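Engineer: As a plain string of letters, each chain reads:
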Amino acid sequence: MRYLLLIYQNEAEHAQLSQDVLDAELGAYMAFREEVQFRDILLSTEAIQPIHTATTVRVHAGKTVITDGPFAETKEQLRGYVLLNCQDLDEALALAPKLPAAHYGAIEIRPIMELPS
Amino acid sequence: MREIAEDMDAAQRMVAQIFRQEADRILASLISVVRDVELAQDALADALLIALERWPVEGVPPHPAGWMTVVARRKAINRLRRENILLTCKQRILQELLKQESEPGAEEMETPSIPDERLKLMFTCCHPALALEAQVALTLHSLGGMSTTEIASAFLVPPATMAQRLVRAKRKLKEAGIGYRIPPREAIGERVDAVLCVLYLIFNEGYSVTRGNKLMRRELCDEAIRLARVLCLCLAQESLLETLPEALGLLALLLLHDSRSPARVGPDGAPLLLEEQDRSRWDQGKKQEGLTVLEKGLRMKQPGPYQIQAAISVLHVQAERPEETDWPQIAALYGQLWRMTPSPVIELNRAVAVAMADGPLAGLALLDRPEMQQVLADYHLFHAARADLLQRAGRLREASSAYREALRLCQNELDQVYLSDRLKEVSQA
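Those protein sequences? They're chains A and B, same order as listed. Taking numbering that gives the first Met the number 0 as reference, the numbering of the first sequence is continuous, increasing by one, and the terminal residue is 116. Taking numbering that gives the first Met the number 0 as reference, the numbering of the second sequence is continuous, increasing by one, and the terminal residue is 428.
Bear in mind the hints are in silico, worked out from the structure with no lab data behind them. Bear in mind the structure is a predicted one, so any value in this text is a computation, not a measurement. The beta-carbon is built from N, C-alpha and C at its ideal position, and this holds for glycine as well. Check the hints yourself; a few may be wrong.
A few chain A residues that don't get close to chain B, going by computed Cβ distances all over 10 Å [to be verified]:
#, residue
1, 10
2, 24
3, 40
4, 54
5, 60
6, 66
7, 68
List time: in silico DSSO-like cross-link candidates among lysine-lysine, alpha-carbon distance up to 27 Å [what the hints assert, rightly or not]:
#, chain 1, residue 1, chain 2, residue 2
8, B, 300, B, 286
9, B, 295, B, 285
10, B, 89, B, 173
11, A, 97, B, 173
12, B, 285, B, 300
13, B, 171, B, 119
14, B, 171, B, 89
15, A, 97, B, 119
16, A, 97, B, 171
Extracted from the complex, chain B is given alone in its bound form (with noise of 0.2 Å):
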């Protein structure tokens, strides 16, 4: 093993110094085929590459020099195929447009009509064959205008990693054949519930926590919304009705959740719950507003999950009391949309919603199910229903070991101060 390794240290060594001794030579050789000593130098680049990789394991060649100025030619030849086809290429788009310059009338036009191209490349980016995470970001940074740098501070990730994700998915737009239209008819749904999802995903990632850069975050549920009130506007214009109800409670949605944004942080800046905030702070503007969207939604009676969601928010907004919430009806849109899309969260929410409605035993025998005691077990959210549940019911002890199992298992670090407080509570008691 030990020789093996140091063949290969060797080889490289030896790459390393016919590059530098000969260098020069081979590049100035291949600049006088080529003329252009850009192309020559990334061709002797490409060249050192293969040589680094093959070298160490199938030996030096006997005229490694020689073996090197072959193998950049060959790459140069490559690289020049390949700027003639993109050439070819651009020759084409080129042609279009001088055709599109001349056609009678073009200049005559008092108020040239730009065709809405957003919708495409709405589809565009977020087509399945890219990463969901692909998705989120290319479609901030061609839609939304965000910069490369903006979009990774605001996933909390390095501006080097998201401007490879985002090389890599323009990579496979191309290379792969992602087409750039409005798809079929036959996949239109699916490719619209593609859509959807990327623009809530954009809105929770700046909704849901607050940590990070908190201005930045803001500015992704601010995309969203934007971005849901374009696709709204292009699928009207296309007459895609058949998908209009589901984007425009989406869009509803998010109006609803964002008009309670002003009261969810608390004058010393931790969040507060639902039932806490000043509801006279919320945003009636955006209420209004998510309201009017929702009714135009529901009125072409397709029901989905989107506009359920916005109309158990509607539900939530319109009680101006905590006490006055509309718990059954609540629930019983939990159940229609369990229905629809069968996730034990949504359960979770519902046997909530019951709690509330029927009191606290009500809830928790729908939590004690041992279907849901198993999907659920390492959900801190679950562990923190069933806990403040049993302290509703007056069970202390059995509370505060459901505390502990949600402070086990919960990552957030605000979550886990409320929790402690809660289990703190419970244990006084």
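Looking at chain A on its own, in the form it has when it is part of the complex (with noise of 0.2 Å):
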């Protein structure tokens, strides 16, 4: 099954972390990226852009209607994701963990709705 990893942080806190954070959390980021690899279940994942660069689209009553910052203001921002081939729930619950932001975020599991071809 396919699971989406949403990572969850607070980017205003990210922001005051130290250089030496930065680059633990780098590393940590880049070890479980090659873990994934490694048992061939990584299907995609990327880093986005903080919250200042986003922008929201709506259409009321056909009229689209276009607004500076995120659909929600929350305390963590979606910062990236992992997308994930794994055996079921479990095995995405254990790589979670592994997550630099699993320790001062979320890390919100997802399993992907499966629609046939």
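Hey, can you piece these two chains together into the complex? The hints should help.
Structural biologist: Printed below as a string of structure tokens:
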């Protein structure tokens, strides 16, 4: 099954981290990437730009409304994602703590809705 | 604002009107395509829901009946696709079954051994990705053979609520891909803990309060004990030995608690405190079994919270009279328990044991530490315990205000009666 691991973190707090911590974080992330690549379960992963770059689009009664900013103000923001092909939820659950953000943010795991081709 | 509301109203009326006028026509055209009345009806219902959702917001489309036909047809396709996937799954299961059937020797076996799948089912039902109340309901429903109505009545919720809880839980199992298997080695400890926690919760729900349907609640205790036995058996069969001591500890704890249940209620139906109980009515068989099970666990030399709690329970049931209770040893065990799972409630229990061993003032000294006062300020049993110790120490005025505080916070009627009686006692003295 495919699982989307959504990486949430407080951007403002993250910006305060020292270079040492950031280096360690990058190292942990690279190690994670290597592990899932080695296991051959990595489908895709990206980091995304902070929320000040976000634009939200809604269509109301046929009219497109564009607003600056994310769709909702939250304490923690979506910072990136990992798409994995896991055996079951347990495999995804075992991997999530290896993402650095799990330790000071949160990882939300969502199964992909499998539609027939 | 009112205009919008009126618009929405109008749109909803439109949906209803079109549905009344055109439903049979749309349905007929759908049936002619999908050749399945039920599927067509379901798809049309789907389309109606979407119309009710969208038309009030987006406006009514130019050709409402046509729109609904198209949407219903799309919904029918989706439903057919889903069935197709299911069918493929079922095909695969069927193939597997047929393969097993054709394996040589299957028929010649004199005693066909059925693999014990209950452990896998326990891990699935108690998966931490489910809400705790869903874990409890699912465990009782799948492993306990209790009906939805029985579980609902045991947990004092309406049957519909429980049914919905179960449906949601089963859906999450399926859609989130919660595997039906014994968890990987590195997670086994946590996952067994989760099962133990659910079984303990089930037992406590039956044991703790005398409200609701008593018979049903008795059943919860029996179920928890039965399931704990199954768990111990399965863990041993699977050679998951590192997890066995605590499972045995829980089983022992439940048996020892349960051995006291015949004496817990007085002739008038009121609950009796441990020291008021007629100890000759305790169930000797369960007590003996509890002791044996705990010894087996302790011999494996991996102490844990359940084994310690069971050991505390042993010290209570072994005393033939209340005054023979080994309080210093109980206080020491609570200390050990606190080091493993620090919680102010455990510290409260330790303080009570210390008071029994070394006098009320020693217990009060532990309770009156600021960190205890702070965390337990809203917990009625904290004030009740404090009041009791103050009363024993002869500080009646302080005792009376502590009983008042306990009464103010207490939610349970039977406890309230008990506390007001004690309050009267200290006020009259």
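Engineer: Determine for every hint whether it applies to the structure shown.
Structural biologist: Evaluation of the provided hints:
1. 10: holds (27 Å)
2. 24: holds (23 Å)
3. 40: holds (13 Å)
4. 54: At about 22 Å from chain B, residue 54(A) clears the 10 Å cut-off, so the statement holds.
5. 60: violated (6 Å)
6. 66: holds (18 Å)
7. 68: holds (22 Å)
8. 300(B) - 286(B): holds (22 Å)
9. 295(B) - 285(B): Within the cut-off at roughly 15 Å; holds.
10. 89(B) - 173(B): holds (14 Å)
11. 97(A) - 173(B): This hinted pair holds, its Cα atoms lying about 25 Å apart.
12. 285(B) - 300(B): Since the Cα atoms of residue 285(B) and residue 300(B) sit roughly 23 Å apart, the hinted pair holds (cutoff 27 Å).
13. 171(B) - 119(B): Within the cut-off at roughly 17 Å; holds.
14. 171(B) - 89(B): holds (20 Å)
15. 97(A) - 119(B): holds (26 Å)
16. 97(A) - 171(B): Roughly 24 Å separates the two Cα atoms, so the pair holds.
Checked against the numbered hints given earlier, this structure breaks only hint 5.
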